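A.B. asks: In case you want the letters, here they are:
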Amino acid sequence: MPSARLTLENPNQAFSWGCDLTIEQAFATIAPHSTVQHSCGRRTMDRQPLSDPDAWVDQHGDYLFRCAMLRVQDRAVAEDLVQETFLAALTAQERFAGQSSERSWMVGILKHKIIDRYRKDVRERPADDPVLVDQAEDDASFDEGGHWKLDQTAPLDWPDHPGAVLERKQFWSSLQRCVGTLPPTMAQVFTLREVDEMESGTICAMLKISQSNLWVLLHRARKHLRQCLEGHFFGHREAH
Amino acid sequence: MQLGPKQDVERLKLSISPLVGWLIRVTPTCQEMTRLLSDAMDRPLPWRTRVLMRLHFLICKWCERYKHQLRFLRQAVRRHPEQVSPEVTDAPALSSEAKDRLKRTLRER
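So the sequence lines, in the order shown, correspond to chains C and U. So the number in my numbering is just where the residue sits in the first sequence, counting from 1, plus 52. So the number in my numbering is just where the residue sits in the second sequence, counting from 1, plus 2.
Only chain C is shown next, with the shape it has when bound in the complex:
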C-alpha cells in the first residue's frame, strides 16, 4: 500500500510550490487563445458550478494525465503535475467562471503548471546534445539534387478553404492519428511549440537539448505531419 504522497517523491516540488505564482497571476498568464476566462469582480449567478472534487480524479484524471504525458514524457512527473493541477483547482474553484468546461479549465491550469515547473531550468540549458538528434538526414522525399519528387512527394494543392477544413471532424481525427504516429519526442516538441505556443528556450530546458536540436526535431515533426495529413485527409496524388 503506497503511503508516501506524491509531494514527498519529488524534492523539486517544495521549491516549485514555494516560488509558485499566485492564482491571479496564473490566470493572467494563461494563453489568450485558451477558453479559460477570469471573470474578476464579476460573479455571474448563472455560472455552472464545479463538480465535487471527489469525482475529479475519476472524471478528468486520465485525460489530464495523458495531456501531461504528451508534454513531459515522464510518468512520475506527469502524475505530479496532475496532482498540482487538482490542488490548484481546489484552491481556485471559487474563480471557476463556468464559461468553459470544467475540463478545459483544468487543462489551462495544467499547461500553466508545466511552464512554471520548467521555467527555473531555462538558464541551465546545455550547449549541445549531439546524442539525441542525428542531424544528418537521409530523406526519401527528395531526389539526389535535393528537389521534390514531383509525382510522389511534392506538396499537393490543398483545395478546401482553411476555415471550412477546421469545421470538419474528420480533419481533426486525421490530425490526432498523425500526431499519434510521431515518435514521442517529436509529438512532445510539436505539442509544446505549436499547440501550447511555448518559447523555444523553455522547451530546450524541459528536454535538456540545444536549440539547434530542437529546430531539427520541429522540422521533422512538421514535415511528417504535413505529409501524413496529405495522405490521410487532403487527397490523392493524381489531383496534382
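It is worth saying that the hints were derived from the structure and are not from the lab. Quantities reported herein were computed from a predicted structural model and do not represent experimental measurements. Backbone N, C-alpha and C define an ideal beta-carbon position, used for all residues, glycine too. Do not take every clue at face value.
Label-pair restraints from in silico Cβ distances [to be verified]:
# : chain 1 : residue 1 : chain 2 : residue 2 : range
1 : C       : 232       : U       : 20        : 43 to 51 Å
2 : C       : 279       : U       : 57        : 19 to 27 Å
3 : U       : 51        : C       : 107       : 48 to 56 Å
4 : C       : 103       : U       : 80        : 23 to 31 Å
5 : U       : 21        : C       : 127       : 52 to 60 Å
6 : U       : 46        : C       : 196       : 26 to 34 Å
Here the structure of chain C is known, so what remains is to put chain U in place on it, guided by the hints.
C.D. replies: Below, chain U alone, put in the same frame as chain C:
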C-alpha cells in the same frame, strides 16, 4: 514563371533559360527549403537567406505550398488546442494506485 504540372518538360525547357538556371543554382534546394521554412517559424533568419528563399519561390510552387501548409497547421492547432488532446486513445492512463493517492490528497485538503 512557376513550373506547371507537366513539370519534366517544363523544367527542361525552363532550365535552358539562363535566369532560371541561375536561380536553380543559387537558391537553396527544396530539401534545404523545408528545413529553412520550418526554422523561420521559430527564429529570425538572416536577410540573405530570406532573399534566396524568395527567389526560390519564383521557380518552385511546391515549396511555396509547403510554407502555407506549415502555417495552416500552426494556425489550426493554435485555434483549436483542445482538438489535439488525446481523447480516447490507448495512451497510458493513471494507475489505480496513483488515483487512490490523488483522491486521498484531495480529501486531506
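A.B. asks: Each hint should be assessed against the structure and marked as holding or not.
C.D. replies: For each hint, the structure was consulted:
Between residue 232 (chain C) and residue 20 (chain U) the Cβ separation comes to about 48 Å, which falls inside the hinted range of 43 to 51 Å. At about 25 Å, the CB distance of residue 279 (chain C) to residue 57 (chain U) agrees with the hint of 19 to 27 Å. Under the hint 48 to 56 Å, the C-beta atoms of residue 51 (chain U) and residue 107 (chain C), about 54 Å apart, fit the expected range. At roughly 29 Å, the beta carbons of residue 103 (chain C) and residue 80 (chain U) sit within the given window of 23 to 31 Å.
Between residue 21 (chain U) and residue 127 (chain C) the CB atoms are about 58 Å apart, so this pair conforms to the stated range of 52 to 60 Å. Range check, residue 46 (chain U) to residue 196 (chain C): about 31 Å between beta-carbon atoms, so the 26 to 34 Å window is met.
Every hint, counting from the list given before, is met by this structure.
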